[in-house]
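Trainee: Protein chains in written order, with my numbering: chain A, 362 to 633; chain B, 25 to 189; chain C, 1104 to 1367.
Quick caveat, the hints were computed from the structure, so don't treat them as lab data. Accuracy of the hints is not assured; some may be wrong.
[As the list claims (entries may be wrong)] To give a feel for the contact side, a few chain C residues facing chain B, derived at Cβ under 10 Å:
hint : residue
1    : Trp1123
2    : Ala1269
3    : Met1270
4    : Val1298
A quick note: this is a predicted structure, and the numbers were derived from the prediction, not measured. Don't be surprised by glycine CBs; every beta carbon is placed ideally from N, CA and C.
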Amino acid sequence: MAEELLVDVRSVSFSYGRRPILKGIDMRVPRGKVVAIMGASGSGKTTLLRAIGGQLKPSAGSIRVAGEDISQLDADGLYALRRRMSMLFQFGALFTDMDVFENVAFPLREHTDLPESMIRDLVLMKLEAVGMRGAHRLRPAELSGGMARRVALARAVVLDPTLVMYDEPFAGLDPIALGVIGQLVRKLNDALGATSIVVSHDVVESLHIVDYLYFISEGVIVGEGTPDEIRASTHPYVRQFVHGGGEGPVAFHYPARPYAADVGLAGKAGHA
Amino acid sequence: MERTTIDLWFGAFVTAGFVALLVLALKVGNLGAERATQTYRVEARFENIGGLKVRGPVRSAGVLVGRVADIKFDNERFQAQVTLALDSRYAWPKDTSASILTSGLLGETYIGLEAGAEDKKLAAGDRIQITQSAVVLEKLISQLLFSKAQEAPAPSTPAPASPKK
Amino acid sequence: MLDVRRPLARLGHNFIEGLWRVGSMARFFALVIASSATSFVRFRLVMREVYYSGVLSLIIIIVSGLFIGMVLGLQGFQTLQKYGATESIGVLVALSLTRELGPVVSAILFAARAGSAITAEIGLMKTTEQLTAMDMMAVSPMARVIAPRFWAGIISMPILSLLFSAMGVFGGYIVGVVLIGVDNGAFWSQMQAAVEFRYDVLNGLLKAFVFGVAVTVIATFEGYDAPPTAEGVSGATTRTVVTSALVILALDLVLTAFMLRPDA
């Protein structure tokens, strides 16, 4: 089990003001694997992703990416490390003042001195890989959600990154687009020899494409394992998540006082 | 280097701004008129310069022929010492007189030069000997009142009601 | 018994909030300056923003300048007529514009048109995570997005102020000479005698420059600081225009007081 770890998260805690979001997270992402971080909305998974990307500094613990502690880097060091990472945002986050081609070409123009002809070839190649080469002159406003996300994916892989992070890549997509994105995540990871971290709450697709999963609930890891292990898991939270349903450790109701009291059925104890 | 329309617009914009600056400087302001001419300086002393300011006009026969270069106070004579910068193209006789005048009631104060009769001309550094100070309105009014009071007929015969001696 | 505690607390809170903003804005300003190297190396970025904030503001500036000059001509004529000084109409129009109205009005119009656009654009980029995405791609959004807009505003503002004043003088000319019939020669010669390049035109230009810095800092800061929601961005856009207008007028007071020259 001496695989090299690309991302090593140790006892990471993070609070937003006085509200703790992450409480002592341990996570290991081996090189070349696709790892999913799953959990309900508000469980802290996006926060964890941002911490791995260096956007947030944990209040405790360490995050090592490619051997470097990302929270201790200065601005230059952080940017140097980020040139080997990329992130796909939930709605694509394409630059609205440029067309598709320019969006994908952006990292190349900013970080390399390649001649225009090479840039053109690379951009079209990446767009071909995600199936959007024909749309290279369109503007982001003219793309559907799924198309925009595919273009953003092309932009994310244009510099052949070592680590690719996905923030809810499947959210809000129709089944076909969903399947396409899932396939692309897997294929690009293997083709580029990269490592991927996918934050999602789409269980079916994640089980389909990833090598390992982590389950987060209220800031702590409550379960982890390979897809087979997860499917067979008897852990109540994992079971509730994988098989859906309102009954289980995760409550349906937002914390509130007793219903009877709210609708005035508490008898004489009720307020005027 | 690829040229885009942005370059064109940027260039046009900056040029328009520069042109506006030139227009404001030369046509609206007085930048051009001043520096162009060569001048020579003469002095003149006045009892009272009134509202004369530095850079005020110097006119002869109504034409602008120079500017007031400097105004100083002579502490020994207790007079105003004015330096005039006159256009080098023109020369005045040595006995030319300088008067402080105002153009109209609300107009600005200027120095008017009236040419004398001598052959010799004023040169740089010379002093205009004959000067006429500014007319201070208050003094004029008080003078007028005073002279009116003097003109008024004095009571000539005593009143008839006075008792006989 | 009137409860003054709540309004007082709110007033105090707003005041403290205001102080926070001023401090944040100052720190933001320092950051923008520190990130400005890219703007000079890749001047194309600045030029593009000069097009969007400067060139596209030309219409409103030129038309407003023309109208204000014409109104000054009309209003001034009425009063000057009483003193038989109608030939000084050019003086009135030119001095009002170069000293005050040119810099101040064009700065307020610039804040309304270009400043609000900058705030909205940056705020929306923040809301749609474009700025974060850029940051994750190891490109500093300060250097690539904010600073070019800042320098573009500083370049555009004085140019727009000059154009405003020039158009205003032209408007005064149209009303005074063409429409009313003041003597053409007297109009221009009186104006030229009264307007001094260094004192009036250059001071006006200095004011425009200072206003440009103020408006652009406010506009970029409000956009960058806007909460990433629809209400957040719209509130920020409104704040840009209102704050800019107030700051411009306050700075105008201070600068005018400094620039007042005692008569020789």
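Trainee: Hints first: check each against the structure and report whether it holds.
Mentor: Status of each hint after checking the structure:
1. Violation of the interface hint for tryptophan 1123/C is found here, the shortest Cβ-Cβ separation to chain B being roughly 37 Å, above the 10 Å cut-off.
2. Of the supplied interface hints, the one on alanine 1269/C holds, with its beta-carbon coming within about 4 Å of a beta-carbon of chain B, less than 10 Å.
3. For methionine 1270/C, the interface hint holds, the least distance from its beta-carbon to any beta-carbon of chain B being 8 Å, beneath 10 Å.
4. With its C-beta approaching chain B no nearer than about 4 Å, valine 1298/C sits inside the 10 Å limit, and its interface hint holds.
In summary, the structure is inconsistent with hint 1 from the numbered list given earlier, while agreeing with all the others.
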